[in-house]
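Asker: Please take these sequences and the hints and turn them into a complete structure.
Which chain is which? The protein sequence lines are A and B, in order.
All you need for my numbering is the position in the first sequence, starting with 1, plus 3.
All you need for my numbering is the position in the second sequence, starting with 1, plus 13.
You may find that some hints are simply not true.
[As the list claims (entries may be wrong)] Now the stretches of chain B that chain A is said to cover, found in silico as 3 or more residues with beta-carbon under 8 angstroms: (1) 114-125; (2) 137-150; (3) 241-254.
Hints listed in this document are in silico derivations from the structure and should not be mistaken for laboratory results.
C-beta: ideal position from N, C-alpha, C; glycine also.
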Amino acid sequence: MTVGSAPSRWTLAARLVVLAAVLAAALVGAVRLGATSLSTGAVLRAVAGRGDPTVVTIVRALRLPRAVQAALVGAALAASGATFQALLRNPLADPYVLGVSSGAAAGAVFTIATGLAARSALALPAAAFAGAAGTMLLVLRIAAGVGRALDARVLLLAGVATSSFLVAAVWLALSFADVEAVRSAVFWMMGSHAGATWGSVGALGLCLAPALAALLALARPLNLLAVGEATAAHLGARVERTKLVAFGVATLLAAASVAASGTIGFVGLVVPHAVRLVWGSDHRALLPAAALAGATFLVAADTVARTAAGATELPVGVVTAFVGVPFFVWLLRRPGAA
Amino acid sequence: MFSPQATRLRRAARLALGACVLAATRCGDRRAAAAPAAGRPAAITVTDDGGRPVHLAGPARRVVCLIPSATETLVALGAADRLVGRTRYDVAPEVAALPSVGGGLDPSVEAIVALRPDLVLGWENDRRGEVREKLASLGIPVFSLRTEDTVDVFRNLAAIGRLAGRDSAAAAVAASIHHDFDAVRRSVAGRPRPRVFYVVSNDPPMTAGPQTFVAQLVGLAGGQSIFPDVRQSWPTVSMEEIVRRAPDLVVVPRGERSRNEVPGTALAELRARGGWRDVGAVRAGHVVTVDENLVNRPGPHVGEAARALRAVLHPELAAAAAGR
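Answerer: Below, the structure is given as structure tokens:
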């Protein structure tokens with residue numbers, strides 16, 4: 004991985020404008036397509052609150068929040084994945100590498116098995132978020148206890164070990180739960196944006212905006228860290244502080260996404276790599292580009308998940324993998340990609 | 014095991030029952046229609062199985078049903094024309110033409126909203142309540158049903174009858190179920206009760222707990238479950254324990270496929286699996302099938318389901334009846 008020659012400010016701006024335009028197109032497509040397909044005109048009228056009240060409800064209360072949530076989660080996962088890959092200098096790192104998804108699953112399954120989730124709509128996302136954040140703290144604590152704090156290798160191992168333990172705890176709980184609880188838990192673990200509301204979108208946006216800003220501010224030190232910690236220290240980056248903030252923010256992004264829509268694989272792992280393959284690994288360009296590409300990808304994947312099999316929704320993670328893997332393999336095989 | 018003739022007979026019986034119920038409903042409605050003077054329907058309030066009162070301005074006219082047994086109930090009440098949506102599991106000819114909204118627990122909320130229902134019948138057992146909250150926030154009344162035992166069947170029947178303005182039809186269906194239950198119970202009184210393992214799933218083995226309608230129907234039809242001591246509704250049990258408790262009979266519910274199935278396929282399938290071939294009843298070929306869509310649905314056809322179970326638990330009675 005090389006930092007490479009930085010693209011000019013104008014090239015960067017032009018790329019981001021193109022990506023933003025593609026995202027906007029994906030959002031329009033997401034709001035137009037569904038059980039009843041709507042014209043762009045009907046969508047615009049419905050957004051303004053005019054026209055058939057059923058269509059207004061479908062657009063304003065169902066499709067829009069869902070599409071916006073998919074975009075926010077896609078952006079969060081891709082930016083988070085790019086950050087983890089730089090911090091851990093490991094191409095297999097993804098947003099869940101510190102046990103965020105299994106921590107969230109433990110929290111979610113707890114509320115499902117105890118019946119809390121059925122009593123309050125807030126219980127499950129709150130518990131999932133708490134589980135994810137708690138797991139990150141635990142992993143950091145374990146890694147710190149080993150000696151050198153924030154050692155990439157130790158963190159990875161602590162994350163994998165904690166994850167395995169929590170997954171076992173989840174299956175233990177589910178083997179004593181009844182059929183309905185198991186079914187609900189499995190639906191949750193497959194990941195979906197079906198539960199999106201303006202409330203959940205607002206909460207996610209409030210987390211996402213400052214987190215993305217913080218990561219962008221850390222883009223230069225992340226460039227140095229991706230090369231190697233010794234080099235970064237030589238070049239004057241405050242290594243430990245940068246790493247701690249970046250770990251915290253990237254995990255927060257992943258935790259908020261999981262709490263909103265369950266575990267969605269592949270986006271956080273592969274979207275950053277795809278952007279790197281095309282435009283290089285300067286984090287000043289990579290982070291915003293990955294966020295926009297991740298948002299577009301997940302909005303499109305969710306639209307396919309909603310519409311491909313009629314009223315039966317496919318798990319969005321199935322679509323991200325089925326569409327994303329062939330595309331990624333094509334990217335890898337392009338001449339000069341490696 | 015149902016031969017094609019028996020299936021046809023069963024269908025005919027079901028149709029005849031439906032016609033009777035329909036006739037009863039029509040009369041009931043005429044009487045009911047005479048009651049309100051101005052012709053304006055009276056508002057309806059019924060408390061659902063989650064304890065939530067559900068208010069309707071009048072009998073529901075556009076119903077989306079997320080529970081197959083509730084769909085069957087509406088059809089049995091002569092209110093099939095009130096249904097505007099079904100799940101992908103509803104395949105009865107009366108409702109097959111309706112648009113599907115997906116699964117019962119994970120329906121497409123958008124597809125439901127697009128059907129403009131004035132009532133949604135949903136699952137109280139849903140452990141997340143996401144669909145219910147979403148629909149409720151959009152102003153669509155949701156009535157949640159929990160169906161576990163036969164008492165629930167009668168309560169749900171009455172509730173759906175009230176919501177659809179078909180109280181008298183609901184009473185007629187309930188009476189016909191009671192009649193079936195009594196007849197089945199009387200016919201098996203004093204006979205030996207075969208010890209039964211009812212296969213909800215064969216890998217891992219899962220059965221019906223004693224508080225479920227399935228176990229109650231097995232008891233009514235003159236059998237007894239070999240797992241009367243489990244607490245869960247649909248427990249997973251160990252193969253070893255099934256072998257140890259040695260059922261006299263293994264009952265396998267079969268779906269659509271069973272209609273054209275070669276007799277003995279269910280037995281062959283169990284024998285092909287490790288563990289099952291060590292169960293004495295399987296070794297001796299004492300494996301029988303029942304129609305899954307009949308016996309696994311706690312709806313208006315539970316009377317028929319009790320008869321179907323009796324037919325496999327006490328085949329000697331069916332033979333005697335046929336000989337008469």
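Asker: Output the indices of the hints that this structure fails to meet, ascending.
Answerer: Violated hints: none; all satisfied.
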